[in-house]
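Chains A and B supply the protein sequences, listed in that same order. Counting in my numbering, the first sequence runs from 1 upward without gaps. Counting in my numbering, the second sequence runs from 711 upward without gaps.
If you're looking for bench data, these hints aren't it; they were derived computationally from the structure. It is possible that some hints are incorrect.
Computed, partial: chain A to chain B, Cβ under 10 Å [said to hold, decoys possible]:
#: 1; residue: ALA28
#: 2; residue: VAL31
#: 3; residue: LEU132
#: 4; residue: GLU216
#: 5; residue: ALA627
Computed footprint of chain B on chain A, listed as stretches where at least three residues anywhere in the stretch have a Cβ under 8 Å from a Cβ of chain B [as the list claims (entries may be wrong)]:
#: 6; stretch: 52 to 64
#: 7; stretch: 143 to 152
#: 8; stretch: 200 to 214
#: 9; stretch: 468 to 479
Note that CB positions come from ideal geometry on N, CA and C, so glycine has one too.
In case you want the letters, here they are:
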Amino acid sequence: MKSTFRESINVALNNPNLTGALGRFSEAYRVGRAKAYEGIDFEAIREQIRDIKGAAAGHLDELAETFKKNAEARGAKVFRSSDPAEVKAYILNLAKAQGVTHVVKSKSMASEEIHLNKHLEAGGVEVEETDLGEWIIQLAGQTPSHMVMPAIHMTKEEVTDVFNNEVEPGQVPEIAKLVKFARGKLRSKFLGAQMGITGANIAVAETGSLVIITNEGNARLVTTLPKVHVAIVGIEKLVAGFDDIQPILTALPRSATGQLLTSYVSIITGQVPNTDGTPKELHIILMDNKRSDMAKDPKFKQALQCIRCASCLNVCPVFRLVGGHVFGKTYTGGIGTILTAWFDELKKSEDIQSLCIQCGNCKIVCPGMIDIPELILELRRRLAVEQGQGIVQKAIFAVVNNRRVFHAMLRTASITQKPFARDGFIRHLPFFLSDLTEFRSLPAIAPSPFRDLFKEIKQPKCKEKAAFYSGCLIDFSYPEMGQAVVEVLNKAGIEVVFPEKQTCCGAPARYSGAYEVAAQNAKDNIEALLEEDVKYVVSACPTCTVALKQEFISTFESLGMTEPMEAARKLAAKAVDFSTLVKQLVDEKRLTFKEAKDLGKFTYHDSCHLKRTLNASEAPRELMAKAGYQLSEMSECDMCCGMGGSYSMKLPEISAPILERKLHNIEAADAPLAVMDCPGCVMQIRGGFDKHGAKVKVEHTARLLADRLE
Amino acid sequence: MSPLFETFKARAEAVSAEVHRVATQREAFDFVIALLQEQGVREGGPGALWADGSFLKGSGRKYLAAEAPGLGFEVTREAAAEARVGISQMDWAVAATGTLVVDAAQVEQRLVSTLPPVHVALVGTSRLRADLPTVLKQLHPSQTNYISMITGPSRTADIERVLTIGVHGPERLIIVFVDDFERGNA
């Protein structure tokens, strides 16, 4: 990570206007979006969009030709280009040929992508953005910080300054007055311009139509008043048929701003009359700029399913802290990272991709069903292949990957940590490591790892067996969680085995783009865990469970490894997370709860992988309720705690404020007990409360259930 | 029809549109005349513009011209830029989203609904449909070069996410449903 980038993160984090505005918006967005989708089957809608746009991405060239033919039959001129320089030249030449001196624009990300304004202005043409947010940032000489709300990072006072300095002095920081001022100033621009430039939200091949969506009404003026209309359309906006616009019109306003529909939707097909009765010149530029290359990449083709709603920004725990000037280039946030890597170049995404904490929030709200976290990991992998791993990272993986060395080191650590550890926590570390303990204490390494304690457990002999996959944290810091798992399973008549050769699940390597290391971890674990014929492979760490169930397979797929696939699938079928298995055993009446007792309130924190990848959010709540606890939900219960595995080590400055918010939400739930299913979350949240001196008890579900089952 | 109308009204009002319903064309004309008076529209003062439509056929135009001084029917760019009120007919109304849909290929339709600060949209109650797909089966790009959908007045939230009405388009959208729209004379 470049030091200038790190600096930009810190500037953003210390800008209370920015974090305040984004934070409040992200909270309101969640509510507004949910309300807008009431009565709508979001999953069905997004499957339709995936199918429509996925099919279009497979036939871009064909659709572009059909569009051209149909739009030209209605009087439009269609220019296809894969080269941004050519697009800019076409528009400037057209402006010159038509004697255009003034251009008004409605919002177009494609024009931002190629820096069109700069080119036209250098050519002597005055360009005015008319979307209020775009106008503000144009006047301020900035770039949009959000795809839908370009000026969300600015306060009304800052906007007032921009108007006073760049347009006309005497403005006051009252939003209604500022808007009225903009209306007045831009009205004369609309009436005076000879050319209007727009983007398009959808381009329909079947009819040659452009669909343009706005709230302000500026696109209607831009397409009505000037005599020439130029539309710049990225070819990923193409859909085959007119009916295909329906699901997009249903999802886009709901996902973008929580509206049922934007104020204005215009469907323009060919030429319309000008105000003097002459037919308006309509030029449509279908711009490729690497979109076809993207369509040919089996991993990244799905990114063309994006409808540019920016919901991936709005739900992102990192974006709401740093904003789009840090998290993105022209395109911002999760999808912006991916588009930057393609439309610009892979290297340009190097710093911004590292901001992704892999919480998966964006994946579940994406109306195009794009697996954004997975694609960001793929970028990480390709960057690692292109540039190699850092020396420190290499050294770490060399250790993690060597089971014996790793375990020996951790044992040594449990002794050498003594100067720093007290009652189970490490509260301060010296030198450069101090960042790690500044905002939360770290758990001390347990004196005996789970793998040693396991041998002491007396288990009943049972017909059914389960292998326990501990993961590093339970093995070395929280062995008591592993003991609880064994106790519960024994009560259900299941004997637990602990395959000694199990090793790191590979998540740290995978999330750093070191897929070869992750693949080796996967192979070692598959061999170890399938050695004995067990019915289940249980883990009490959701990240590990996801590795066993899904990521071993996808890592092999990414590397084109077919040979270990069969065994990986076999393991995946047996792998299950603790709460899901216990719920099943309770349903099967193999486990029963002790007589009801009022144990007081608890609040539940949904760990990212458990909720969004394993879809297990109800099981732990239900089990806790049966055990005798009353649920008191916290706000944003399924928002990441900021741990993200090694993320909290790499970017502690971002991890800390995410945790801060989580601690606040837990305290506001007014329960003495915070429960979760992930030892990583326990480490982060318990460590945070230890630093704050708060009295909330933080515990893994397994530990609480063990006492309450017969 | 009534539950659909109630849905439309609720949805449109939720996005700051004003929704009215009258029985006859004559009542609709009188509604507009009263509104123009209230807006201070007069001869030589702030004007109003009515874009051509079936509503003005028969004696409608004559009646309005006599009763509403300052109301014009010649829609030009200059007149629309000066007008206080723009009036036009809509082809369809969509209950699910409180949306109006119109064939706006004729530039006059767009001028009166974009430039003046107040837009009065008249629509036959019988043109109300449940959802957008139903309407887009009736009004297809093969028939017209510009389909315009309007849902509430112009809005922005670009400064501090505060909703502000009337940035570039109308700051008031007044929708008048007319029950006997199809039949004709005032």
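Worksheet entry | Hints violated by the structure (numbers, ascending) | Hint check: 2, 5, 6, 9 fail, others pass.
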